[in-house]
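Chain by chain, the residues run as shown.
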Amino acid sequence: MPTFLSDHLHLFVQGAVITLQYTAASCVIGSILALPLALMRLSRRPWTQWPATAYVFFFRGTPLLAQIFLIYYGSGQFRPELEAIGLWQFFREPWFCAILALSLNTAAYSAEIFRGALQAVPRGEIEAAMALGMSRLQRLRLIVVPRALRAAWPAYTNEVVYQIQATSLLSIITVMDITGVARVIASRNFDFYEAFGTAAIFYLVIVYLFLLFARRVEARLQAHLGPARPVGSRIGGH
Amino acid sequence: MPLLDLKGYGWLLWEGVQLTVIVSLASLAGAIIVGLLAALVKLQGSRCQRIAVDAYTSVVRGVPELVMLLLVYYGVPTLIQDAAAALGHAVVLSINPFAAGIATITFIYGAFACEVFRAAYLNVPAGQHEAAAVLGLRRATALRLVILPQVLRYALPGLGNLWMVLVKATALISIIQLPELMRNADIAARATRMPFTFFLASCLIYLGITLVSMWTQSRAEAWASRGIVGGRL
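From first to last, the protein sequence lines stand for chains A and B.
One point on numbering: in our numbering, the residue at position 112 of the first sequence is 315, and numbering is uninterrupted.
One point on numbering: in our numbering, the residue at position 181 of the second sequence is 205, and numbering is uninterrupted.
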């Protein structure tokens, strides 16, 4: 085990960088897509609401692996069409399909988190904004969205943790993330438990470091609420 | 509809669906048993036992399902072989994908089921325990007749969620060549060179399973809440 680590540690670190890059890119793109999706889901107009609902249902109801295959392998079925519009050079690249699939997937889950947070904005605050004469767009931009994003953070943290782990599926379409590195090393030297065990520890460290960071951000976001927690709330555990 | 023409490979998908459902049901049963035991330990176990269960749930929360599956399928047999070799025994061991898949999914979702059952148990009001004691019921009888039916009622929404996530997670077992839905869709996609068609078809089948599950879940929740006025959670 010690020689295994000293031989391969640099490869795992490279893999970890790739894992973090894919996580960050897909979370950024996913949350940019998620906000309009969440607003569409809350719309009362069926033609606005219906497509967003179908989108969320599809991406939450099917396995991420199937979505990755649908985009990466499935695009091959439309190669002539994609070549005609100049998009084939993107769809033949694993990195492009990986980012696309992960972003579309996390957008659906994030949209549901944002939707819940938007619905949780107290009615009184919206009425107060109306009383101040704000337009609908101003209310959204200045009151509802900032407040909802703050409320969404704890749940969104879980989504990021899920996303860190979801990137491990990209190893199947040859992305050399932590899992990809582990699979190559394992099949080269038959060091199966060493390789996958090391990969598991890398993920554990990344996930719990992120959760530590997320708690700090959460405390920051709620700093204006003062140090005293409301009576009866339980901190940690349970 | 030419896009969903399965070229006679529909039966292969159907066989895959059956295996997906079997693996999912077996894993769900396993996860419920592991989850109940873990929840029991977490609620009433000794300090050491509770720490062990906490470690279990924390590890499951932090390690991707795919890595866990590869660890169980490739790692565990080689680890046992190496350990046996160190003791001077030559052992050749391998797990079949079916068992490895069910074991992995059970292990992962047992941790989630543990949280579901624990929360459900804590939701049962203390007065119910006291009332059962006042009626003179033994602990085991009280658990069976008073507490567990209520735990089930509170746990059903969480278990329904768990089931739907679990079904999707079984798609991963295709990576170790278990011929379930994803794997068979992959085989058909390669044979016909129509990957989009077959992966789209498998997505639609997963959506179908989700729809049937949602309907079953709402029926089950209604059944578990029978006798409680306005009792739908």
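One should not assume that every hint holds.
[Claimed, not checked] The following label-pair restraints were derived from C-beta to C-beta distances:
| id | chain 1 | residue 1 | chain 2 | residue 2 | range |
| --- | --- | --- | --- | --- | --- |
| 1 | B | 110 | A | 284 | 54 to 62 Å |
| 2 | A | 212 | B | 106 | 15 to 23 Å |
| 3 | A | 391 | B | 153 | 56 to 64 Å |
| 4 | A | 349 | B | 53 | 28 to 36 Å |
| 5 | B | 189 | A | 248 | 30 to 38 Å |
| 6 | B | 173 | A | 391 | 52 to 60 Å |
| 7 | B | 176 | A | 408 | 36 to 44 Å |
[To be verified] A partial selection of chain B residues facing chain A, derived with a Cβ cut-off under 10 Å:
| id | residue |
| --- | --- |
| 8 | 77 |
| 9 | 80 |
| 10 | 82 |
| 11 | 94 |
| 12 | 101 |
| 13 | 194 |
| 14 | 209 |
| 15 | 210 |
| 16 | 217 |
| 17 | 222 |
| 18 | 230 |
| 19 | 231 |
Simulated from the structure, these hints should not be mistaken for laboratory data.
Quick caveat: nothing in here was measured; it's all calculated off a predicted structure.
From the three backbone atoms N, C-alpha and C, an ideal C-beta is built for every residue, glycine too.
Status of each hint after checking the structure:
1. 110/B x 284/A: 54 to 62 Å: holds, 58 Å
2. 212/A x 106/B: 15 to 23 Å: Roughly 21 Å apart at Cβ, these two residues keep to the hinted range, so it holds.
3. 391/A x 153/B: 56 to 64 Å: holds, 58 Å
4. 349/A x 53/B: 28 to 36 Å: violated, 46 Å
5. 189/B x 248/A: 30 to 38 Å: This hint holds: roughly 31 Å between Cβ atoms.
6. 173/B x 391/A: 52 to 60 Å: Holds - the Cβ-Cβ distance for residue 173/B and residue 391/A, about 55 Å, lies within 52 to 60 Å.
7. 176/B x 408/A: 36 to 44 Å: Hint holds: Cβ distance 38 Å, inside 36 to 44 Å.
8. 77: Residue 77/B check fails; min Cβ-Cβ to chain A is 13 Å, beyond 10 Å.
9. 80: violated, 13 Å
10. 82: Given a least distance of 8 Å, the restraint on residue 82/B holds.
11. 94: Since chain A brings a Cβ to about 5 Å from residue 94/B, closer than 10 Å, the hint holds.
12. 101: Because about 8 Å separates residue 101/B from the closest Cβ in chain A, which is inside the 10 Å limit, the hint holds.
13. 194: Holds - the Cβ of residue 194/B comes within 10 Å of chain A, reaching about 8 Å at its closest.
14. 209: With a closest approach of 8 Å, the residue 209/B hint holds.
15. 210: Given a least distance of 7 Å, the restraint on residue 210/B holds.
16. 217: holds, 8 Å
17. 222: holds, 9 Å
18. 230: With a closest approach of 5 Å, the residue 230/B hint holds.
19. 231: With a minimum Cβ separation of about 5 Å from chain A (threshold 10 Å), the hint on residue 231/B holds.
When held up to the earlier numbered hints, the structure conflicts with 4, 8 and 9 and fits the remainder.
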